[in-house]
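Kindly generate the complete structure, drawing on both the sequences and the hints.
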Amino acid sequence: MPDLNDDIIAALKEQIFSMNGYKTFHGKDCGVLPKPFTDPLLSRSFPLGVIHEFVCAGSEDYAATTGFTAGVLASLMQGGRFAVWISTNSHLFPPAFTTYGVASERIIFIRLKKENDVLWAMEEALKCDGLAAVIGDVKELSFTASRRLQLAVEDSRVTGFVIRRNIRNLNTTACVTRWKITHLPTDSEDGLPGIGFPHWNVQLLKIRNGKPLNWQLKFVDGGIKVVPQSSQNIQEVHRKIG
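Numbering (the working numbering), first residue to last: 544 to 785.
Source of the hints: derived by calculation from the structure; they are not laboratory data.
Just so you know, not all the hints are guaranteed correct.
Unchecked claim - Okay, derived cross-link-like pairs now, EDC-like style, lysine to aspartate or glutamate, Cα gap no bigger than 20 Å in a straight line:
id: 1; residue 1: Lys657; residue 2: Glu683
id: 2; residue 1: Lys749; residue 2: Glu683
id: 3; residue 1: Lys682; residue 2: Glu648
id: 4; residue 1: Lys670; residue 2: Glu697
id: 5; residue 1: Lys682; residue 2: Glu666
id: 6; residue 1: Lys682; residue 2: Asp660
id: 7; residue 1: Lys723; residue 2: Glu603
id: 8; residue 1: Lys682; residue 2: Glu658
id: 9; residue 1: Lys657; residue 2: Glu667
id: 10; residue 1: Lys656; residue 2: Glu683
id: 11; residue 1: Lys682; residue 2: Glu603
id: 12; residue 1: Lys656; residue 2: Asp672
id: 13; residue 1: Lys749; residue 2: Asp764
id: 14; residue 1: Lys723; residue 2: Glu667
id: 15; residue 1: Lys670; residue 2: Asp660
What the hints assert, rightly or not - Listed next, with one range per pair, are the computed distances between beta-carbon atoms:
id: 16; residue 1: Thr642; residue 2: Pro771; range: 18 to 24 Å
id: 17; residue 1: Pro638; residue 2: Gly739; range: 16 to 22 Å
id: 18; residue 1: Pro771; residue 2: Ala664; range: 38 to 44 Å
id: 19; residue 1: Ser602; residue 2: Trp663; range: 21 to 27 Å
Cβ coordinates follow ideal geometry from the N, Cα and C atoms, glycine included.
Given below as structure tokens:
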């Protein structure tokens, strides 16, 4: 009986989420998104057709966030789909996207001079329903600007990512989720010294109709995987002893 009730509750949650105009990623279509990462969000689903907000305290967080975003894009861009990445800087190295299984030639990189122009271009790009995703790189995001972005995706169902750099004040926005991604020490599969696979601490700070959550994930074998608890314990010991 408890399992049946859980299924009914999950189905009702999903119907409510759908009635609010959000698409979701299900089951085998989740691609690189591991099961424990998608299950707690909402009925075993990852919200699509919404605006996701990522907050970065500094350059290290920014690097971790762009890497994690590239890993998610690998799933969203399946089937030869395209994405648009808009910013005011040239910090990205497009060939590095192949590390995450993303062909950089399928990402349209746009560099603008003003952040207001980035938000305007992002809003216009989000209206193009043929895109898999649109990423905007800005420092500040007002509630009004975030609401305009969210309204744009409600018709097109394109997924938007707003990466906020060097953030100091977490103001209220209309984004459906808010994330914080930080680097963790890497490890290699064979235990040998050297640079290992990308490894992140992923915090879901907020999600509409959901609760905050936290994962340790890494990108290995072409996808995002959950780090086993045993490995997390070893890494914590290494961190404490330096």
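### Query
Is the straight-line distance between the alpha-carbon of Lys670 and that of Glu697 20 Å or less?
holds (9 Å)
### Query
Given the hinted pair Lys657 and Glu683, is their alpha-carbon gap at most 20 Å?
holds (12 Å)
### Query
Regarding the pair Lys682 and Glu603, is the alpha-carbon distance no greater than 20 Å?
holds (15 Å)
### Task
Return holds or violated for the Cβ distance of Ser602 and Trp663 against the range 21 to 27 Å.
holds (26 Å)
### Message
A range of 18 to 24 Å was offered for this pair. Does it hold for the Cβ distance of Thr642 and Pro771?
### Response
holds (22 Å)
### Query
Does the structure keep Lys657 and Glu667 at a Cα separation of 20 Å or less?
holds (16 Å)
### Task
Take the C-beta atom of Pro771 and the C-beta atom of Ala664, compute their distance, and say whether it sits inside 38 to 44 Å.
For Ala664 against Pro771, whose Cβ atoms are near 41 Å apart, the range 38 to 44 Å holds.
### Query
Taking only the CA atoms, is the gap from Lys723 to Glu667 under or equal to 20 Å?
Since the Cα atoms of Lys723 and Glu667 sit roughly 26 Å apart, the hinted pair is violated (cutoff 20 Å).
### Query
Taking the CB of Pro638 and the CB of Gly739, does the distance hold inside 16 to 22 Å?
Distance hint for Pro638, Gly739 holds at roughly 20 Å.
### Message
So if I understand the rule, the pair passes when the alpha-carbon distance is 20 Å or less; does Lys749 with Asp764 pass?
### Response
Since the Cα atoms of Lys749 and Asp764 sit roughly 29 Å apart, the hinted pair is violated (cutoff 20 Å).
### Query
When you check the alpha-carbon spacing of Lys682 and Glu666, does it fall within 20 Å?
Cα-Cα ~16 Å, so holds.
### Message
Check whether the Cα positions of Lys682 and Asp660 lie no farther apart than 20 Å.
### Response
holds (13 Å)
In the structure shown, a violation is registered for the earlier hints numbered 3, 12, 13 and 14, in ascending order.
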